[in-house]
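Number of protein chains: 2
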Amino acid sequence: MAAAPAATTLTEKHRPVLDQALETIRTRAYWSPHPEHPKAYGENGSLSPAEGKAAFDALLGTRIDLDQPGTDGWVEGERSPYGLDLGVSYPHADPDVLLPAMRAGMADWRRAGAEVRAAVCLEILARISARTQEFAHTVMHTSGQAFMMAFQAGGPHAQDRGLEAVAYAYAEQTRTPLTAEWTKPQGRRDPLELRKEFTPVPRGVSLLIGCNTFPTWNGYPGLFASLATGNPVLVKPHPRAVLPLALTVQVAREVLGEAGFDANLVALAAEHPGEGIAKQLAVRPEIRIVDYTGSTAFGDWLETHARQAQVYTEKAGVNTVLIDSTDDYRGMLANLAFSLSLYSGQMCTTPQNLLIPRDGITTDAGPKSYDEVVSDLAAAVDSLLGDDAKAGALLGALVNDDVKARLEAAAELGEVALASREISNEEFPAAVVRSPLIVKLDAAKPEAEAALLHECFGPVSFAVAVDSSAAAVELLRRTVREQGAMTVGAYTTSPEVSEQIEEACLEECAQLSLNLTGGVYVNQTAAFSDFHGSGGNPAANAALCDGAFVANRFRVVEIRREP
Amino acid sequence: MAAAPAATTLTEKHRPVLDQALETIRTRAYWSPHPEHPKAYGENGSLSPAEGKAAFDALLGTRIDLDQPGTDGWVEGERSPYGLDLGVSYPHADPDVLLPAMRAGMADWRRAGAEVRAAVCLEILARISARTQEFAHTVMHTSGQAFMMAFQAGGPHAQDRGLEAVAYAYAEQTRTPLTAEWTKPQGRRDPLELRKEFTPVPRGVSLLIGCNTFPTWNGYPGLFASLATGNPVLVKPHPRAVLPLALTVQVAREVLGEAGFDANLVALAAEHPGEGIAKQLAVRPEIRIVDYTGSTAFGDWLETHARQAQVYTEKAGVNTVLIDSTDDYRGMLANLAFSLSLYSGQMCTTPQNLLIPRDGITTDAGPKSYDEVVSDLAAAVDSLLGDDAKAGALLGALVNDDVKARLEAAAELGEVALASREISNEEFPAAVVRSPLIVKLDAAKPEAEAALLHECFGPVSFAVAVDSSAAAVELLRRTVREQGAMTVGAYTTSPEVSEQIEEACLEECAQLSLNLTGGVYVNQTAAFSDFHGSGGNPAANAALCDGAFVANRFRVVEIRREP
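As they're listed, the protein sequences go chains H and B.
The numbering of the first sequence is the numbering used here, which starts it at 4 and goes up by one.
The numbering of the second sequence is the numbering used here, which starts it at 4 and goes up by one.
Keep in mind that a hint or two might mislead.
No copy is singled out in the list; a pair is fine if it fits within one copy or between any two copies.
Pairs of lysine-lysine, DSBU-like flavour, derived with a Cα cap of 30 Å [as the list claims (entries may be wrong)]:
hint: 1; residue 1: Lys407; residue 2: Lys187
hint: 2; residue 1: Lys187; residue 2: Lys42
hint: 3; residue 1: Lys187; residue 2: Lys393
hint: 4; residue 1: Lys282; residue 2: Lys393
hint: 5; residue 1: Lys187; residue 2: Lys371
hint: 6; residue 1: Lys282; residue 2: Lys371
hint: 7; residue 1: Lys393; residue 2: Lys443
hint: 8; residue 1: Lys56; residue 2: Lys42
hint: 9; residue 1: Lys187; residue 2: Lys56
hint: 10; residue 1: Lys282; residue 2: Lys407
hint: 11; residue 1: Lys16; residue 2: Lys187
hint: 12; residue 1: Lys187; residue 2: Lys282
hint: 13; residue 1: Lys443; residue 2: Lys16
hint: 14; residue 1: Lys42; residue 2: Lys407
hint: 15; residue 1: Lys16; residue 2: Lys371
hint: 16; residue 1: Lys42; residue 2: Lys393
hint: 17; residue 1: Lys56; residue 2: Lys16
hint: 18; residue 1: Lys282; residue 2: Lys16
hint: 19; residue 1: Lys443; residue 2: Lys56
By construction, these hints were calculated from the structure, which means they are not laboratory data.
Looking at chain H on its own, in the form it has when it is part of the complex:
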């Protein structure tokens, strides 16, 4: 099939952005085509802040009819962590009808080729980008993120990660040429000659299992990696975070249809409460790829049972920060205080265990005892969150009652160095807003081990007294090996300690941030430059985004003949 005119136009339109993305994943310098300041929106067809809010308000209480085959009912029930019922209803699908329908457009999508597929993906992202102000509210009111974070992480940063996946997918598919002439000399006889064609072919339907806290940021890499490599994508959102992904599916279907492809290449699988369709869908023979972000238990279940599929999981981990010494004590405390507070610690990248030598540390402000470091950190958090309005804009709301229960239980685990504080939200009084809890633990006490070596998802950190920095490195190794880690942070002025920590991270395969004291935080990664997770420890079997994340989503079929 020749590309439809609409597809050709898209290729011309998006080629420069694709080329820049391809260049940036090679240099890993800073770049993003998606502005992260709200004021940048409202021109060139993008929604302004007011328009975005109005568009979100207009969605409330409506039915999002995606015109999908096999729709056998309607699903609703999202309640914002800020208190409002969204009242949006979504199609419920009969997979026996929907899955075959999703396969119907595969051949045309395969024939379109890698470049057209990339251009269509970039058009989807461009239209989502234009509605960033609207998406921000959908992410805020499903994840509980504060508005600015929902705007940035759920908007431009998520779009960046989607674009990054498209770039990797394109690069991977075009490593092999479409055709080759092969001529093998045979001495005095005629050479052997073959004409070869190489076609990237999809694996089959790809299932995206979304998460509650970062529906777009964690969802877009898998979605776009699979779509760009020719696979239809079935999006199964978290039941409490349907709206951002339902809109994403709606935009994707619109763009696919306009470009001359089957809209059913992307579809939504919303579910009734307690239906558990992820488990049913994940093992169906049509599903050949699964992307998942969520609990270790279900991630392990998927890896064990969805054997017919390539399974990419991001599960739980225990993130560590080693505090050995610093030449910027205030900067360190401020940086850590922010990391612990951002989105109430409800990030897979938030530090949990802060390892501090029991004999104290050296700093530019003189030696500090273990107790001083802990109380100074507590004070830094207090100071950061002193004003309720500002605190709310950083903390957001607790995403669900489980986090609240875990937070309350954690206060019983040891001496509380910083109590979690209830913070009121004037605009949304129903929001449950809590500041971080810091609990003191002693690594030498056996009872501490259960707490240390277990993810306590939410605004909970442990200030862990360790015998020495060397002991801290050993505990770090054990933690990463047994529990996995999405991030490791460390503060040290000692080249020897730094080398020990770096070596531990290289050997245990964990991403390390060293001596961050400014405006970059251990829990944030930037697309095109930072890898999110390593794919080499138990926290995740894949990294966002690298060659391995895309290379097995398609295969190359060769057809060879004599010329």
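Keeping the supplied structure of chain H fixed, place chain B upon it in accordance with the hints.
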């Protein structure tokens, strides 16, 4: 660690070959640095044919002491399919001692970096290449291949596949730069700046489980892909094909040691008869990668149980050739006759099911009935193998008694169109040499199905009467989907039929050779250009060689800090 002087020298020596390999995997044109004519050897330090034979003879009855840690005994027992007892003994390893010892050199090997690792791998291959004449005899007397095939497939072609894997591994590891400076503008404030380091890190010990028929050809891709990406490699040869891989391990240990690395990065795990150590080793926590070629049953077992590892398998498949029409009837028959005969059909790529319309086909020699096609093919095989000496040089010997038993049983499955003939080998009277058997089956008869949809490994093909070419395409689809296929061949002059076959192969993910009538055969693939297997049907979960084959053998650890 700075690279040792020896390693730097190797980098300079091998960089041109690496660059050419990198270029060729992009263009997929013909290229090989390893001559495939025996006469090309004997100069520039390589063994001449006579020297190679003498070196092989000198190995017989000796002990190959690799000086491995944990050697707790000696293993022997290889008997050549040509009748001689090799009498070579190999170290038996205690994995509790050997595996930790193999990990000891990992950090230095990681620090060497991708280029030095590639150069060391290329030096290993170069030394093996210089001993190609010797390796040829080891492959012949373990696999039963005839000498010329053992020479070419076991020598230059295997070395090509190893080099190809090294090139992919190098390309993959260098997609991310070693360092990056990241500067993010912050409006009027100072930009955020980070200095980032990216290090490819190995997964852990890689286990190569070798096969009987192509110990080097099927073994080198995984061995070199893992070693080049920083992983130690434990080589577990098939008990009847130890010698070629033991010599490979010996060379690798020699080169690693000379280059300043730990020789234990490559080690041998030979086993006592019936010990079944592959099953024990594959699930050990130290083993993080498994490469396997062999039966579907054990391949499936590995995929199910070796969950702590990345598992790459090449298993059984059922290869089909569709015969719809041809404009070179004689060429087609000759080409097929050769494909069926080569190494007595003991290749994972040999055609098994020849689908022929029951109403016959059109050819440049006039219309041919089903019976005529089958008898003309039988005659072509007879003519190719008329002379016993020439036949033996093509057929080699049956690799084991199972093949012979299967061949004998297959003659009962239907009408025999071409009986398998016993052929005597003057030089090796004990060799069991058999010409191909062709049995007629009717796809319309239910009892044919069990035979058709099951791999019958060895010199057995089925001439299958089908209702039409369209029915043949449907049977092809079903065969690939249910049984997998390493290769598909087809003969047709009809653009419509060709398109149907191509579409079937693209959708079912099988590699297709169209209208081969000359000196290229469906069962042969060339490194740097052809993919061996697709990795997308049940015959194999990986292709040799592509990005996916190497991308997940290592991970990238990022260390970032403020500048």
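> For which of the previously enumerated hints does the structure constitute a violation, in increasing order of number?
Replying inline: Numbers 1, 4, 5, 6, 12, 13, 14, 15, 18 and 19 - these are the hints that the structure violates, sorted from lowest upward.
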